[in-house]
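The listed protein sequences correspond, in order, to chains V and Z. Position 39 of the first sequence, counted from 1, bears residue number 55 in our numbering, the numbering being contiguous throughout. Position 52 of the second sequence, counted from 1, bears residue number 107 in our numbering, the numbering being contiguous throughout.
Mixed in with the good hints there might be a few duds.
In silico DSS-like links for lysine-lysine, alpha-carbon gap of 27 angstroms or less [to be verified]:
1) V:Lys117 x Z:Lys72
2) Z:Lys72 x V:Lys54
3) V:Lys117 x Z:Lys107
4) Z:Lys99 x V:Lys54
5) V:Lys19 x Z:Lys99
6) V:Lys19 x Z:Lys93
These are calculated hints, taken from the structure and not from any lab test.
Here's the letter readout for the chains.
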Amino acid sequence: AQKVTQAQTEISVVEKEDVTLDCVYETRDTTYYLFWYKQPPSGELVFLIRRNSFDEQNEISGRYSWNFQKSTSSFNFTITASQVVDSAVYFCALSEAIDYKLSFGAGTTVTVRA
Amino acid sequence: DAMVIQNPRYQVTQFGKPVTLSCSQTLNHNVMYWYQQKSSQAPKLLFHYYDKDFNNEADTPDNFQSRRPNTSFCFLDIRSPGLGDAAMYLCATSRGQGLDGNTIYFGEGSWLTVV
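Kindly produce the complete structure, drawing on both the sequences and the hints.
Structural data, given as structure tokens:
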């Protein structure tokens, strides 16, 4: 069963626009971990953030911000004032407490045009 | 400096000719993973090691094998590559314990082409 759903396959924006990537997850565990990874064209998966299920505080890191809402099982990611270097595939992922494996969403391709 | 290092970055092999991809880590992490990622798809876990304990995913073909001779190194062996095995192979590590235990760090990937 799909545990992580990223409904947006592709998003295209013009530089300096904000872009929000949606992520909805499904788990029966009370303890779980949510992640976002960035994959630029070079291929490396770059870790962006990890969020524990018991910590619903939103987080901001520079132009990146994350909104975690347990009530809707969502962990959305916003890039503010997008730049061309933000062009990449972004993956949302879930890890349940019972193991150390990641369940990835299908990914969202973000294209930022100059 | 890269902490999860994969070699080679690009590998071309002939159909049916065995190939080995290598991975090393400087993080001293307990867990090492191999993922397969095909074009426009999410990474798919093939197997992982927790220390010396090998854990194979149920749907990983027998054609794929792995070795972990020590904490730092892990190898992916593809015994008889087929055209469908062309993909990027990602090595990853995690601490496997503690507060940050399941944050997974990836290498740059090895792109495999089968001709």
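Do the hints match the structure? See the list:
Restraint check: the Cα-Cα separation between V:Lys117 and Z:Lys72 comes to about 30 angstroms, which exceeds 27 angstroms; the hinted pair is violated. Taking the CA atoms of Z:Lys72 and V:Lys54, the gap is near 33 angstroms; set against the 27 angstroms cutoff, the hint is violated. Between V:Lys117 and Z:Lys107, the direct Cα distance comes to roughly 17 angstroms. Compliance with the 27 angstroms bound is thereby established for this hinted pair. Under the criterion of a C-alpha separation no larger than 27 angstroms, the hint pairing Z:Lys99 with V:Lys54 is consistent with the structure, at around 16 angstroms.
A distance of roughly 14 angstroms separates the Cα atoms of V:Lys19 and Z:Lys99; the hinted pair therefore holds under the 27 angstroms criterion. At most 27 angstroms may separate the alpha-carbon atoms for a hinted pair to count; V:Lys19 and Z:Lys93 meet this at roughly 20 angstroms.
Hint check: violations occur at hints 1, 2; the rest are consistent with the structure.
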